Amino acid sequence: MIRVRFAPSPTGNLHIGGGRTALFNWLYIRAKDGKFILRIEDTDKERSKKEFVDEILGSLTWLGFKWDEIYYQSKRFDIYREYAQKLLKEGKAYTEKLPDKPGEAIIFKVMPQKIKIKDLIRGDIEFDAENIKDQVLMKSDGTPTYNFACVVDDALMNITHVIRGDDHISNTPKQILLYEALGLPLPAFAHLPLIMGMEGGRLSKRTGATAISDYRKMGYLPEALVNYLLLLSWAPGEDREVIDINEAIKLFDITDVNKTAATFDLKKLDWMNNQYLKSADSEKLTDDIIPMLIEAKCIDKDNFDRGYVLSLVKLFQPRLAHVNDFVDWADFFFLKEVKMDPVAQAKCLSKDFSKEFALFVQRLDALQDFTVENIEKCFRDMMAELGLEAKVLIHPIRVALTGKTIGPGLFEVIYHLGKERSKERLQKWIR
RNA sequence: GACCCUAUCGUCUAGCCUGGUCAGGACAAGAGCUUUUCAAGCUCUCGACACGGGUUCGAAUCCCGUUAGGGUCACCA
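Numbered per the numbering used here, the first sequence finishes at 431, counting up by one with no gaps.
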């Protein structure tokens, strides 16, 4: 039975790098029917916060990574203490009392030797123990150090594959020494390359949003984020980019992961998000969008027409880059007063179109069967009679109706806006 | 500084293991088509094997070095 673990520390949000590590762990066991263990590394009482635990669990759930078991290191201090005592008794560790510390620390003796990591992604990596200092196992306050708790837990939780970030490579020889001293079986290791920011160095807050939950707020679909993350350091082959997660599960193998650090590119994520948005389930998308509309005061929480929202979601779906773009682009369908973009007004409504608008209002009013096709025909017939090109009036009408120069096709807009509201909005510009 | 990792278009990558296809695709950028604006779509353009040595008839591919980037060196995780 293959068992992997994702072991975040609740001292901050789940960030992009952590999300990708979780993804690769989760992906790895899916096809092999293994177990995904979540271990909250909350040994640092000062910095660990319950709110971060909730945030991390929420983000993992949102991404779709279900865990089979969950453990908290803060509840396992007795276990670590027991194993440290064992090493002490066997003479593999010693105690040390520092004048400025409360109690005695237990420290592991590092003996001179060569240590070899067999990494599934990088191959063999060799270290000389000469470069490794004696390691603190238990701090003088009675809490375990990271490397020690990690080894004890990975062994006791029967973790078969430790898949984690590159930044842990130099911890690995220290941990291998501990496995050997404890007489515990070694797991397989796979070190994932790090994700870098656009300006070089680790992805950090300076280079953009880092928390998975931020991307949720920014209107990215979890499927799109996961697909994008998947393409960082791994490729499904055959030049494929958009790939269903279930297919990725079949194709993925940890040994195929690249060794090179990848740069996080928001532009490509946007493209990916649009790919998913275009084919997303409109009903689900509507459910996501309704709270946003309520918050933007576009609709009333207790009194709105879901069917109407749904029809508009379908209209805007192909052009959305982010879920919440909808609120910005479709607000005129909900607000009583059009939010006029001054630039759009100057560009398209600086001339007086009173005569043309009045005529169009008249024609719309007379239109019997108010369908998109009929609206278009009505408009084009009128323009033909006036001897004008369609675009001469299309843009001014659009701006008068929507306050924007961008949006779906004008006749769709008029149709969804309805006859009365369209007439009203045009009339405002008739002097 | 010491130790470790890495090196293909601006970015993500295919190709590398098992040397021999104009080094392929995607994002971005630029141009065009379509058109009713924006987005999408379609077509085209731009654009890379870090450098230097080997090995070989032949190197992106194998070996060595240099350089560059990154990571780690806590009683943080």
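If you're looking for bench data, these hints aren't it; they were derived computationally from the structure. Remember, it's a predicted structure, so these values are computed and weren't measured experimentally. Treat the hints with care, since some could be wrong.
[What the hints assert, rightly or not] List of simulated lysine to aspartate or glutamate pairs, DMTMM-like, C-alpha gap at most 20 Å:
1) 297 x 244
2) 268 x 244
3) 217 x 389
4) 89 x 180
5) 268 x 331
6) 284 x 241
7) 109 x 69
8) 86 x 69
9) 267 x 223
10) 101 x 141
11) 205 x 55
12) 75 x 128
13) 92 x 130
14) 116 x 141
15) 116 x 104
16) 419 x 331
If you draw a straight line from the CA of residue 268 to the CA of residue 331, is it 20 Å or shorter? It is violated: about 27 Å lies between the C-alpha atoms, which goes past 20 Å.
Against the 20 Å threshold, does the CA-CA distance of residue 92 and residue 130 hold or violate the hint? 17 Å, holds
Does the alpha-carbon distance linking residue 419 and residue 331 stay inside the 20 Å limit? Roughly 18 Å between the alpha carbons, so the hint for residue 419 and residue 331 holds.
Need the status of pair residue 284, residue 241: alpha-carbon distance at most 20 Å? 24 Å, violated
Pair hint residue 109 and residue 69, alpha-carbon separation not exceeding 20 Å: Violated - the C-alpha atoms of residue 69 and residue 109 are around 33 Å apart, more than 20 Å.
Taken at face value, is the distance from the CA of residue 141 to the CA of residue 101 at most 20 Å? 8 Å, holds
Is the hinted pair residue 116 and residue 104 satisfied, with a Cα-Cα distance of at most 20 Å? Roughly 32 Å between the alpha carbons, so the hint for residue 116 and residue 104 is violated.
Decide if the proposed pair is consistent with the structure: residue 116 and residue 141, CA atoms, cutoff 20 Å inclusive. Violated: residue 116 and residue 141 sit about 33 Å apart, past 20 Å.
Is residue 205 close enough to residue 55, meaning Cα to Cα at most 20 Å? 17 Å, holds
Hey, residue 217 versus residue 389, does the alpha-carbon distance stay inside 20 Å? Roughly 43 Å between the alpha carbons, so the hint for residue 217 and residue 389 is violated.
Pair hint outcome, residue 297 versus residue 244 [Cα-Cα no greater than 20 Å]: 36 Å, violated
Verify the proposed pairing of residue 268 with residue 244, using a straight-line Cα cut of 20 Å. Measuring from Cα to Cα gives roughly 17 Å; hence the hint holds.
When the structure is compared with the earlier hints, violations turn up for hints 1, 3, 5, 6, 7, 8, 12, 14, 15 and for no others.
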